[in-house]
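Peer 1: Using the sequences and the hints, build the whole thing.
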Amino acid sequence: MGDKTSAGNRGKSAGSDCYVELELTAAGGIQLELKSKVKALFGAKIESLCLTVLHHFDIENANIYIEDSGALDHVLAARVEAAIRKQVETDKEFLLDILPQNQNGSARGKNRRSRLYLPGNTPKLSLNAGVYGADGIILDLEDSVAADKKFEAAILVRNTLRATDFYGAERMVRINQGAKGLADLEFIVPHFVNLILVPKCESAEQLQAINTRIRQLQENSNTVNPIHLMPILESAKGVLNAFEIASADNVVALAIGLEDYTADLGVQRTEAGTESFFARCQLVNAATAAGIQAIDSVFSDVSNMELLAEVVTKSKALGFNGMGCIHPRQIKVVHENYAPGKTEIETAKKIVNAFHIATEKGLGVVSLGSKMIDPPVVKRAQTTIDMAIDVGMLDQDWRDNYAG
Amino acid sequence: MPVELVKNSVGRMVPTEINGKPAVPFQGVGGYKPEGRIHAPKIASCADYPLDGNKQVESLKAALIKAGLKDGMTISTHHHFRNGDLIAVEIFKIAQELGVKDLIWFPSAAFPCQEAIIEQLENGTIHHIEGSLNGPLGEFASQGKMRGTGVLRSHGGRYQAVQDGEVEIDIAVIAAPTADPFGNANGVDGPSACGLLGFALADSEYADKVIVVTDNLVPFPCIPWQIQGNHVDYVVEVEQIGIPERIVSGTTKITKSPDRLHIAELTARFCEEAELVRDGFSFQAGAGGTSLSIGNFFGEIMRRKGIKARFARGGSNKYLVEMFEEGLIDYILDGQTFDLDGIRSMRENPHHVNTSPFTSYNYHGKGNFAGLIDIVILGATEVDLNFNANVVTHSDGKLLHGIGGWQNCLFGKNVILPIPLFRNRIPVVCDEVTTICGPGELIDIIVTERGIAINPRRTDLLEKMKDSNLPIKTIQELKEEAERICGVPARPQLSDEIISAVKWVDGTIIDVVRKIAD
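Chains as they are written, first to last, in this note's numbering: chain A, 1 to 404; chain B, 1 to 518.
I should point out that these hints are in silico values taken from the structure, not numbers from a laboratory.
Do not rely on the hints blindly, as some may be mistaken.
[To be verified] Pairs of lysine-lysine, BS3-like flavour, derived with a Cα cap of 25 Å: (1) A:K342 with A:K110; (2) A:K35 with B:K515; (3) B:K42 with B:K7; (4) A:K124 with B:K256.
Everything numeric in this text was worked out from a predicted model, so none of it was measured.
Peer 2: Below is the structure:
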C-alpha cells in the first residue's frame with residue numbers, strides 16, 4: 001500500500017490520451033479526481049468507466065487522479081488498467097467489446113504495398129489511421145516506445161486492435177525483440193491481430209518459437225484466425241539466412257530494416273544505397289523463391305514526395321512489392337508508384353477475363369489461346385487489376401467494355 | 001426583468017427584446033422584409049470644418065472629447081489589424097480616465113489582444129459588447145459576467161444593422177495604416193499596412209462622428225482613398241497603431257496535419273468530380289489551414305485541366321496570390337488581407353480588388369456578391385441532421401467564436417463544410433446543434449475524414465455523385481459513426497439566462513447563447 005503508479009500521457013501534445021495516477025489506500029473507498037477537456041459532455045461516462053475498471057480488478061479503496069485530453073473509452077480503460085497492473089499482481093484483464101469487423105482474418109497474398117507505422121503508445125495517431133487507405137497499419141511496440149512505457153503500450157495496443165476501425169487495412173503489430181517479443185504476443189494474439197512484424201530476425205528458429213507461442217495462445221483463447229508473420233531482416237546474418245526465414249511457417253512477406261543493417265555493417269546509409277544493394281537483392285530473391293512478398297525499408301524524408309516517388313520506382317524495379325510508410329502522406333505516392341505498368345495491366349486483363357469466361361462457361365481450366373493458365377497466375381493477375389483500380393488506372397467495371 | 005420569448009422558424013426560443021430594443025425573430029431565409037428607408041447621418045456643413053482640409057487633432061483623447069464622448073454612447077472599432085490592434089484598448093482606457101460610463105462597444109470583431117477591455121467591462125465603463133465575442137471576452141461573457149446582452153452579427157449583418165439604423169454609432173474610430181489630414185485613408189501603405197479597410201466602410205458612412213487614427217500621416221491626397229475624408233471629423237496622428245507581426249498573423253500556413261490534408265483532398269476531389277471546378281468558376285478561399293490546402297488542390301486541378309477561375313473571393317494570402325500571379329485566377333475580390341504578399345498584390349495589381357461588407361455581404365441591398373460564388377468553403381463547430389450548423393459556440397455551450405462572413409457566404413451556390421467528424425472525442429456531426437447560426441437549407445455538403453454527406457435538397461449533386469468512388473454517406477450515417485467512436489455526449493448544462501443573441505443576415509434573431517450552468 002502507498003505505492004503510486006501512473007500510466008498514459010498528459011500535456012499539450014497528448015491529444016486523445018489521458019494520464020492516470022493511482023494510489024491504493026486501506027480505507028475510504030474510491031476517491032476520484034477528474035480533470036478533463038470534455039468534462040461537461042463526458043465527465044459522468046469517464047467516471048463510471050473508471051469505477052467499472054477498478055471494480056473489475058477488485059479495488060475498493062484508492063485515490064485515483066485522471067487528467068484527460070479527450071481519450072476514447074478504450075484508451076481510458078487501457079490507462080486505468082495499466083496503472084492498476086503496475087502494482088497489483090493479477091491474471092485478469094479488462095476488455096471492452098470488440099468491433100465485429102475487427103474479428104476478420106486477412107488473406108495470405110493480400111496487397112501489402114504500404115504499411116503505416118504508428119507508435120503503439122500514442123492514441124491520437126491511431127484514431128484516424130484507417131482513413132488514409134494504407135494496405136496495413138502497424139501498431140509498434142518496439143523502437144517507438146520508451147522502455148518504461150512498454151507495458152502500458154501493450155495494453156493500449158490490445159485495446160486498439162479491438163476497438164479501432166481501420167477500415168479494411170490489415171491490423172499489424174511490431175513486437176519487441178527476443179523474450180520481450182514473445183511476452184508481447186499474449187496481448188495481441190487473442191485479439192485478432194492479422195500480421196506480426198518480427199524485428200531483427202536472423203533465423204527460422206526464432207520464428208518457430210513465435211509460431212509455437214501463437215498456437216498456444218490461440219488454443220487458450222479459442223481463436224483460429226490466420227496470423228501471418230513478416231520478419232524484418234536488419235543484420236548481415238539475417239540477410240544471409242533470408243531463404244530459411246522466408247520459408248518458415250506463416251511467413252507472408254520479408255521486410256528489410258536498413259538503419260540497423262547498415263549499422264551492423266558499420267557503414268553509412270546513403271541515398272544511392274550501394275551499401276545495401278546486395279541485401280535488398282538477396283531479400284527479393286529469397287522472397288520470390290519462397291513465394292512470398294518482398295517489402296522495402298521506410299523512406300524517412302516525409303516532406304520530399306518527388307524523391308519518394310523515385311525511390312519507390314527503383315524499389316519496384318528491383319522486385320519489391322511494398323514499403324513502410326512513416327507519414328500518411330506517403331501512402332498515395334507509394335501506391336501510385338508500385339502500381340502496375342500499362343502492359344502489365346493489359347496482360348492481367350486478358351488473364352482475368354479468360355478466367356471469368358471459363359467460370360461462366362463452367363470450365364475447369366482457364367486458357368488463353370492455346371495456353372493453359374495456372375491458378376496462381378490468375379490470382380496474381382487479379383491482384384494487378386485490383387491495384388490498377390485502386391489507384392484509378394482502371395475502372396471498377398472495366399469488363400463491361402472489354403473487347404478482349 | 002424577464003423578456004418574452006417566442007419560437008422562431010427554426011424552432012429556437014428567442015427574445016422579443018434585446019437590451020431594451022425590440023427584436024424580430026427569424027422568419028426563414030428571405031422571410032423578413034422590413035419597410036421604410038435606411039438610416040442616415042446628420043447633415044453636415046463645410047462651414048463647421050477647416051477650409052484648408054486639416055482636421056488634425058493633437059491626441060486620441062482630444063478627438064474623443066471633441067466628438068462629445070459621454071455616457072451610454074456606442075463606440076465602434078474594426079478588426080483589420082486582427083491580433084495586432086492597439087487602438088481599441090486605448091479608447092476605453094481614455095473613457096475610463098474621463099469617468100464615462102455604460103458605453104456600448106461595437107467592434108467588427110474582437111481579438112485576444114483586447115482582453116484588457118475586461119477591466120472596463122467590470123468597472124462599468126463599458127455596458128456591453130455588440131460584436132464577435134471570442135477568446136477571453138467570450139469566456140467572460142459565457143460566465144454571464146457582461147451586464148447587457150451581447151449581439152453577434154455577421155460582417156454583412158453588421159453593415160445591415162448600421163444601414164438600417166438598428167445600431168446607431170455615435171463615434172467610429174478607424175485605425176488607418178495611412179491617412180492624410182483631410183481623413184482620406186487606406187490600408188495598403190505604411191508600417192501597419194493591413195490591406196483594406198472595408199470593415200470600417202459602414203461606420204464612415206453612417207456614424208455621427210468619425211475619427212481616423214494613423215501612424216503614417218501623408219500630405220493630401222492619400223491615394224487610394226479606401227475611406228473618404230468627406231465622412232471624417234477628426235484625424236489623429238499617433239506613434240503606433242498596430243503591431244505589424246500580429247496584423248499579418250500566423251493563420252496563413254497550409255496545414256501539415258494529415259487529417260486536415262485528407263479532408264482537404266476529399267473536398268477537392270468532390271469538387272472536381274461534381275464538376276464544380278470548371279473553366280470560369282469562382283471560389284471563396286478561407287484563411288484556415290484546411291481551406292488553404294483546398295485552394296492549393298484547386299490550383300493543381302486547374303493546372304492539370306488547363307482552366308482558370310474567374311475570381312476568388314475572401315481572405316487573400318501568399319498561396320492565393322501565387323495562383324493569381326500564375327494566371328490561374330482572373331480577379332481576387334479581397335475581403336480581408338492576411339499577409340504581406342496579399343497587401344503587395346493589392347497595392348500593385350488592379351485585378352486584386354478591395355471589397356467591403358456592402359459589396360460582398362449586405363442582405364438589405366440590391367443583391368450582393370455572395371450568391372455569385374460557385375464553391376464556398378466554411379468551417380463549423382457542429383452540424384446537425386438537418387444540416388443546420390454552428391460556428392459561435394462549442395458543444396459544451398461556451399461562446400468562443402465570432403460569425404465573421406460565415407453566414408453571408410452561405411448564399412453561395414455550393415456551400416461545403418470540410419470538418420472532422422469529431423474533435424477531442426466530441427462529435428461534430430450531431431443530433432441538434434447547440435446554437436443555430438446557419439439554417440440547413442443553405443448548407444450543401446459536409447466533408448469529413450470518414451465520409452461526405454450531401455444535403456438531400458441537392459438532388460442534382462446526389463444524382464451526379466451516385467457512381468462516385470468517394471465515400472458518400474448520409475448525414476445520419478456520419479452521426480452514427482461519430483457516436484460509435486466517441487460515445488453519445490451528454491447535453492451541456494445551460495441556464496435560462498441569455499448572454500448573447502445571434503442575428504441572421506437580415507437582422508432577425510436566429511438563436512441565442514445561454515449562460516453555462518455553474
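Peer 1: Within 25 Å, alpha carbon to alpha carbon, are K35 of chain A and K515 of chain B?
Peer 2: Holds, at about 21 Å.
Peer 1: Between K342 of chain A and K110 of chain A, is the straight-line Cα distance small enough, at 25 Å or below?
Peer 2: holds (21 Å)
Peer 1: K124 of chain A and K256 of chain B were given as a pair; does the straight-line alpha-carbon distance stay at or below 25 Å?
Peer 2: Holds: K124 of chain A and K256 of chain B sit about 15 Å apart, inside 25 Å.
Peer 1: If you draw a straight line from the CA of K42 of chain B to the CA of K7 of chain B, is it 25 Å or shorter?
Peer 2: Violated. K42 of chain B to K7 of chain B sits at ~37 Å, over the 25 Å cutoff.
Hint compliance for this structure: hint 3 alone is broken.
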